[in-house]
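Let the sequences and hints guide you as you build the complete structure.
There are 2 protein chains.
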Amino acid sequence: MSATAPESEYAPTQRTVPTRGRDRAAYDRALVHAILDAGYVCHLGFVRDGAPVVLPTLYARVGERLYVHGSTGSRPLRAAGRSDTGLPVCLTVTHLDGLVLARSAFHHSVNYRSVVVHGTARQVTDPAERAVALDALVDQAVPGRSADTRPPSARELAATAVVALDLEEVSAKVRTGGPNDDPEDLVLPHWSGVLPVRQVLGPLVPADDLAPDVAVPGYLAAF
Amino acid sequence: MSATAPESEYAPTQRTVPTRGRDRAAYDRALVHAILDAGYVCHLGFVRDGAPVVLPTLYARVGERLYVHGSTGSRPLRAAGRSDTGLPVCLTVTHLDGLVLARSAFHHSVNYRSVVVHGTARQVTDPAERAVALDALVDQAVPGRSADTRPPSARELAATAVVALDLEEVSAKVRTGGPNDDPEDLVLPHWSGVLPVRQVLGPLVPADDLAPDVAVPGYLAAF
Chain G
1 MSATAPESEY APTQRTVPTR GRDRAAYDRA LVHAILDAGY VCHLGFVRDG APVVLPTLYA
61 RVGERLYVHG STGSRPLRAA GRSDTGLPVC LTVTHLDGLV LARSAFHHSV NYRSVVVHGT
121 ARQVTDPAER AVALDALVDQ AVPGRSADTR PPSARELAAT AVVALDLEEV SAKVRTGGPN
181 DDPEDLVLPH WSGVLPVRQV LGPLVPADDL APDVAVPGYL AAF
Chain Y
1 MSATAPESEY APTQRTVPTR GRDRAAYDRA LVHAILDAGY VCHLGFVRDG APVVLPTLYA
61 RVGERLYVHG STGSRPLRAA GRSDTGLPVC LTVTHLDGLV LARSAFHHSV NYRSVVVHGT
121 ARQVTDPAER AVALDALVDQ AVPGRSADTR PPSARELAAT AVVALDLEEV SAKVRTGGPN
181 DDPEDLVLPH WSGVLPVRQV LGPLVPADDL APDVAVPGYL AAF
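In order, the protein sequence lines correspond to chains G and Y.
Going by our numbering, the letters in the first sequence line up with residues 1 to 223, in that order.
Going by our numbering, the letters in the second sequence line up with residues 1 to 223, in that order.
Hints were generated in silico from the structure; no laboratory data involved.
It should be emphasised that the depicted structure is a prediction, and the values quoted were computed from it without experimental measurement.
No false leads were slipped in.
Note: identical chains are not told apart, hence a pair may lie in one copy or across any two.
Derived pair list, reagent style SDA-like, types lysine to any residue, alpha-carbon separation capped at 25 Å:
{"no.": "1", "residue 1": "K173", "residue 2": "L204"}
{"no.": "2", "residue 1": "K173", "residue 2": "D49"}
{"no.": "3", "residue 1": "K173", "residue 2": "E156"}
{"no.": "4", "residue 1": "K173", "residue 2": "Q199"}
{"no.": "5", "residue 1": "K173", "residue 2": "R198"}
{"no.": "6", "residue 1": "K173", "residue 2": "L31"}
{"no.": "7", "residue 1": "K173", "residue 2": "A159"}
{"no.": "8", "residue 1": "K173", "residue 2": "E7"}
{"no.": "9", "residue 1": "K173", "residue 2": "T160"}
{"no.": "10", "residue 1": "K173", "residue 2": "S74"}
{"no.": "11", "residue 1": "K173", "residue 2": "V205"}
Given below as structure tokens:
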């Protein structure tokens, strides 16, 4: 972050300032964190043999750093560890909040919150940071869960690659509200408004082999 | 598609056969279509100045072709039309269906359905195909909606770029079911099972300026 950027915002860069929809772009850290913390799956983009690849994967945020993990045999995670330069990536998280139905086809839109992170993914080798990252990846799904699991064994740790991406070149985009129809379209007879979209969790489905005396823990009680 | 591939499946290629989780990879056309048709937003990856970019955008499927659209000023859509070669892209659609909570941190997972499409995006210039694509983009959100809108004007059409991506190099991945704990972990006291995740739509929010005599049309009655 440059010295001139306010601490509460990420400094815009050439690739985080969109050519279109600039009014929807935001760099506020608290907003970025909230969007990231509300998600489970990101879309991780990287370049392989000159062509783009976009894969869905779990992620977790710890402060100003994101973590993803996977098998040590996975192609992108190997690439992140293979070279001194790491792996250039673009990590994107999107929440769809509504389908915006305007009178005109042209003004149809969606309400959404998204974060795009550009940077270089690097394999995490420090055991303490790896442990923090793996706990965070479990807790991103259900806060409190990592303390109520059997921790990874040495063999499992050896099979798991952890990759870090710093939150430095980051932007958020948010659209909210109703349709923006042209004034001359307001008299048209078409229904207009928003069809909200929400993600809901639960109810819990116990494992087939769950012993009947295992109670639902407090951190899952809401589901 | 090669002559040897069965018609009901996409022919696997080097980049659609994963190095990990091969048992979850599928090439069935009906499955791919169902996953694509259930979605609204894809994540479109491309390479800009040698680095990956992943942006969320609306999409629609028409047969064996996907369409995305945007402003003629958008950088990737300009790139898709600028050269004879089109724009190499990777388009990914993911549905999160559940958080899989195993006894071990290592076996935590998610249930999901995803489709990854590799190919070359090309700008659509034929007016008839552009009209089909733009209708499909509205109907992907709400089937039947495109017939109940004010169609695009010549000015709006001129401002809209439509890009096509053929479904040729395609794979799906699906995980369902409960946690796969190691046998020796089954006696552990940790709750284990699935926290289902669903996307729900509605209830409708009318536009602030909607005239009170405009009824909710039949294709929206379910919401």
